[in-house]
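Peer 1: The listed protein sequences correspond, in order, to chains A and B.
Residue numbers for the first sequence follow the working numbering, beginning at 1 and rising by one.
Residue numbers for the second sequence follow the working numbering, beginning at 1 and rising by one.
Bear in mind the hints are in silico, worked out from the structure with no lab data behind them.
Certain hints may be false.
[As the list claims (entries may be wrong)] Simulated crosslink set (EDC-like; lysine to aspartate or glutamate; CA at most 20 Å straight-line):
1. A:K47 <-> A:E25
2. A:K137 <-> A:E82
3. A:K143 <-> A:E159
4. A:K137 <-> B:D176
5. A:K161 <-> B:D176
6. A:K47 <-> A:D238
7. A:K137 <-> B:D7
8. A:K161 <-> A:D121
9. A:K124 <-> A:E207
10. A:K137 <-> B:E196
11. A:K127 <-> A:E159
12. A:K119 <-> A:E198
13. A:K137 <-> B:E193
14. A:K143 <-> A:E207
15. A:K68 <-> A:E82
16. A:K68 <-> B:E196
17. A:K124 <-> A:E159
18. A:K195 <-> A:D117
19. A:K137 <-> A:E159
20. A:K239 <-> A:E193
21. A:K86 <-> B:E193
22. A:K143 <-> B:E193
23. B:K44 <-> B:E116
24. A:K233 <-> A:E25
25. A:K52 <-> A:E25
26. A:K137 <-> A:D81
27. A:K68 <-> B:E193
[Unchecked claim] Going by beta-carbon spacing under 7 Å, a handful of chain A positions derived as facing chain B:
28. G61
29. V163
30. N179
Given the structure is predicted, the values throughout are model-derived calculations rather than measurements.
The beta carbon of each residue, even a glycine, is placed where N, CA and C say it ideally should be.
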Amino acid sequence: MRARLASAIAGVVLGFGLPFAVAGEVVVAVAANFTAPMNIIATEFEKDTGHKATLAFGSSGRFYAQVKNGAPFQVFLSADDETPAKLAHDGLAEPASQFTYAIGSLVLWSAKPGFVDAKGDVLKSGKFTKLAIANPKTAPYGKAAIQTLTQLGLLASVEPKLVQGENIAQTFQFTQTGNADLGFVALSQVMKEGKVTEGSAWVVPAEMHEPIRQDVILLSTGRGNAAAEALMKYLRTDKARGVIRSFGYGL
Amino acid sequence: MGFSAADLGAIWLTLRLATIVTLLLLLIGTPIAWWLAHTRSRLKGAIGAVVALPLVLPPTVLGFYLLVVMGPNGPVGQFTQSIGIGLLPFTFWGLVVASVFYSMPFVVQPIQNAFEAIGDRPLEVAATLRASPWDRFFSVALPLARPGFITASILGFAHTVGEFGVVLMIGGNIPDRTRVVSVQIYDHVEALEYTEAHWLAGSMLIFSFLVLLALYTFNQKRST
Numbered sequence: 001m002r003a004r005l006a007s008a009i010a011g012v013v014l015g016f017g018l019p020f021a022v023a024g025e026v027v028v029a030v031a032a033n034f035t036a037p038m039n040i041i042a043t044e045f046e047k048d049t050g051h052k053a054t055l056a057f058g059s060s061g062r063f064y065a066q067v068k069n070g071a072p073f074q075v076f077l078s079a080d081d082e083t084p085a086k087l088a089h090d091g092l093a094e095p096a097s098q099f100t101y102a103i104g105s106l107v108l109w110s111a112k113p114g115f116v117d118a119k120g121d122v123l124k125s126g127k128f129t130k131l132a133i134a135n136p137k138t139a140p141y142g143k144a145a146i147q148t149l150t151q152l153g154l155l156a157s158v159e160p161k162l163v164q165g166e167n168i169a170q171t172f173q174f175t176q177t178g179n180a181d182l183g184f185v186a187l188s189q190v191m192k193e194g195k196v197t198e199g200s201a202w203v204v205p206a207e208m209h210e211p212i213r214q215d216v217i218l219l220s221t222g223r224g225n226a227a228a229e230a231l232m233k234y235l236r237t238d239k240a241r242g243v244i245r246s247f248g249y250g251l
Numbered sequence: 001m002g003f004s005a006a007d008l009g010a011i012w013l014t015l016r017l018a019t020i021v022t023l024l025l026l027l028i029g030t031p032i033a034w035w036l037a038h039t040r041s042r043l044k045g046a047i048g049a050v051v052a053l054p055l056v057l058p059p060t061v062l063g064f065y066l067l068v069v070m071g072p073n074g075p076v077g078q079f080t081q082s083i084g085i086g087l088l089p090f091t092f093w094g095l096v097v098a099s100v101f102y103s104m105p106f107v108v109q110p111i112q113n114a115f116e117a118i119g120d121r122p123l124e125v126a127a128t129l130r131a132s133p134w135d136r137f138f139s140v141a142l143p144l145a146r147p148g149f150i151t152a153s154i155l156g157f158a159h160t161v162g163e164f165g166v167v168l169m170i171g172g173n174i175p176d177r178t179r180v181v182s183v184q185i186y187d188h189v190e191a192l193e194y195t196e197a198h199w200l201a202g203s204m205l206i207f208s209f210l211v212l213l214a215l216y217t218f219n220q221k222r223s224t
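Full structure from sequences and hints, please.
Peer 2: Next up, the structure:
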């Protein structure tokens, strides 16, 4: 109890606009690619505000279906900007609360050191057997990968070598296990403390694809929930943004 | 509203996969079931348990380990590469191999039960009439175990059609090669294309109902 009081006071001191913070709970739906940073942010959030954030990880499409059918989430961190907008349009979320909490970076990655050069020329050389991408129909990183290949004029030539993961996590597994020698994955998956530590990578220049905007939205079920509203604010703090950046996301 | 070309491709692929897997399982599963039904070996329990393991293991977990084992650094992957057929993940035959593992208990167990129900007596009688071991198997055991084989085929087929997690892990979602119906439905749902998903899922439901109806009608007829 004393610890909770102390952290509630800390919340006030740090100025999150919660003059009379009462510890509450918020259930958050989080896009799978944001798992690692969100775990850290949630811990810090709890420390700083006393509110508890319970996290559920999954795909944005599935969360959409679940929220539409009464899932008990109050905040939704999507992997795109369309799904939150769609929920707002359906009257299940607060349109004014939507903002971009992270911009994803796409990276061409191989588990083999030295396999991917600094300019991604390995794609042109054709010296690989399988290229893993996320499903472009459902995953923003997959869509960005297709846009990049189109931009490079290589889509037709690599098409027979493409394999699709259902989401970016699975795409990473395909590549990490070496079943695909190359993969377009999220920079956040291969970056630790600001650098790529394993294998070899080419960070795709942002102008080669539409920005991978990841938006957060307050769901209607979270209206008036102090913990939910505090989390929405917390995501904009420098501390949270620092964590987000350290995983290779832009802002 | 009907099926798109991609949907039809997925349906055709699924039927092809399930048929091949069922036939292979009958070939591989029959000797295993025979051995399990007749052996007095101490290994019986262990082998029986291994066959039943896919029932316990979550499919995505099984799929993940198959991905690792059949990958370039896994033992199976190194073997398939050394004999020149490349790697199995992301190919149709990779799905076949995975499905054989995954559906094994559904085929072995009904056949094993059928063999056990026949018992040793009819085979011993046949032996006194100088039937060779092969003759006893094909002319006595097989016909008597027919209901078990039919149950095994239907269950093996239906279970392969309904497979999802394993295929998701090692398939790579390639149209006409590894994108089966269950994955296609999942894609539709993820892409919020609910009408298309309903169509495919509805057809799958009707198909499964008919298969199970056939199974139970057959079993009923047999017992009366």
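Peer 1: All hints are to be evaluated individually against the structure, with a verdict given for each.
Peer 2: How the hints compare with the structure:
This hinted pair checks out: K47 (chain A) and E25 (chain A) have alpha carbons roughly 13 Å apart, not beyond 20 Å. Between K137 (chain A) and E82 (chain A) the CA atoms are separated by roughly 13 Å; this keeps the pair inside 20 Å, and the hint holds. Of the supplied pair hints, the one linking K143 (chain A) and E159 (chain A) holds, its CA atoms being roughly 14 Å apart against a limit of 20 Å. Distance restraint check for K137 (chain A) and D176 (chain B): the Cα-Cα separation of roughly 17 Å lies within the 20 Å cut-off, and the hinted pair is therefore satisfied.
Restraint check for K161 (chain A) and D176 (chain B): the C-alpha separation of about 14 Å stays at or below 20 Å, so the hint holds. Note on K47 (chain A) and D238 (chain A): the hinted pairing holds, with a Cα-Cα distance of about 15 Å set against a maximum of 20 Å. A distance of roughly 15 Å separates the Cα atoms of K137 (chain A) and D7 (chain B); the hinted pair therefore holds under the 20 Å criterion. Taking the CA atoms of K161 (chain A) and D121 (chain A), the gap is about 16 Å. The hint holds against a cut of 20 Å.
For the proposed pair K124 (chain A) and E207 (chain A), the alpha carbon gap of about 19 Å is at most 20 Å, so the pair holds. At most 20 Å may separate the alpha-carbon atoms for a hinted pair to count; K137 (chain A) and E196 (chain B) meet this at roughly 14 Å. At roughly 14 Å between alpha-carbon atoms, K127 (chain A) and E159 (chain A) fall within 20 Å of each other, so this suggested pair holds. Between K119 (chain A) and E198 (chain A), the direct Cα distance comes to roughly 17 Å. Compliance with the 20 Å bound is thereby established for this hinted pair.
Annotation: proposed proximity of K137 (chain A) to E193 (chain B) holds, straight-line Cα distance about 11 Å (limit 20 Å). A hinted pair counts as satisfied when its Cα atoms are at most 20 Å apart, and K143 (chain A) with E207 (chain A) qualifies at roughly 14 Å. The hinted pair formed by K68 (chain A) and E82 (chain A) meets the criterion: a straight-line CA distance of about 15 Å does not exceed 20 Å. Distance check on the hinted pair: K68 (chain A) and E196 (chain B) sit about 18 Å apart at the alpha-carbon level, within 20 Å; holds.
Distance restraint check for K124 (chain A) and E159 (chain A): the Cα-Cα separation of roughly 13 Å lies within the 20 Å cut-off, and the hinted pair is therefore satisfied. Pair hint K195 (chain A) plus D117 (chain A) holds up; C-alpha atoms about 16 Å apart against a cutoff of 20 Å. The hinted pair formed by K137 (chain A) and E159 (chain A) meets the criterion: a straight-line CA distance of about 15 Å does not exceed 20 Å. At roughly 15 Å between alpha-carbon atoms, K239 (chain A) and E193 (chain A) fall within 20 Å of each other, so this suggested pair holds.
Only pairs whose Cα atoms come within 20 Å are accepted, and K86 (chain A) paired with E193 (chain B) is accepted, the gap being roughly 13 Å. The hinted pair formed by K143 (chain A) and E193 (chain B) meets the criterion: a straight-line CA distance of about 17 Å does not exceed 20 Å. Using a Cα cut-off of 20 Å, the hinted pair K44 (chain B) and E116 (chain B) holds, with the two alpha carbons roughly 14 Å apart. Under the criterion of a C-alpha separation no larger than 20 Å, the hint pairing K233 (chain A) with E25 (chain A) is consistent with the structure, at around 15 Å.
Between the alpha carbons of K52 (chain A) and E25 (chain A) the distance comes to roughly 5 Å, so the proposed pair stays at or under 20 Å and holds. Simply put, K137 (chain A) and D81 (chain A) have alpha-carbon atoms about 15 Å apart, close enough for the 20 Å limit, and the pair holds. About 14 Å separates the Cα atoms of K68 (chain A) and E193 (chain B), which keeps this hinted pair within 20 Å; it holds. Contact between G61 (chain A) and chain B, as hinted, is supported at the beta carbon level, the nearest pair being about 4 Å apart and thus within 7 Å.
At a threshold of 7 Å, the smallest CB-CB gap from V163 (chain A) to chain B is about 3 Å, leaving the interface hint in force. With 7 Å as the threshold, the beta carbon of N179 (chain A) comes within range of chain B, its nearest partner Cβ sitting at about 5 Å, so the hint holds.
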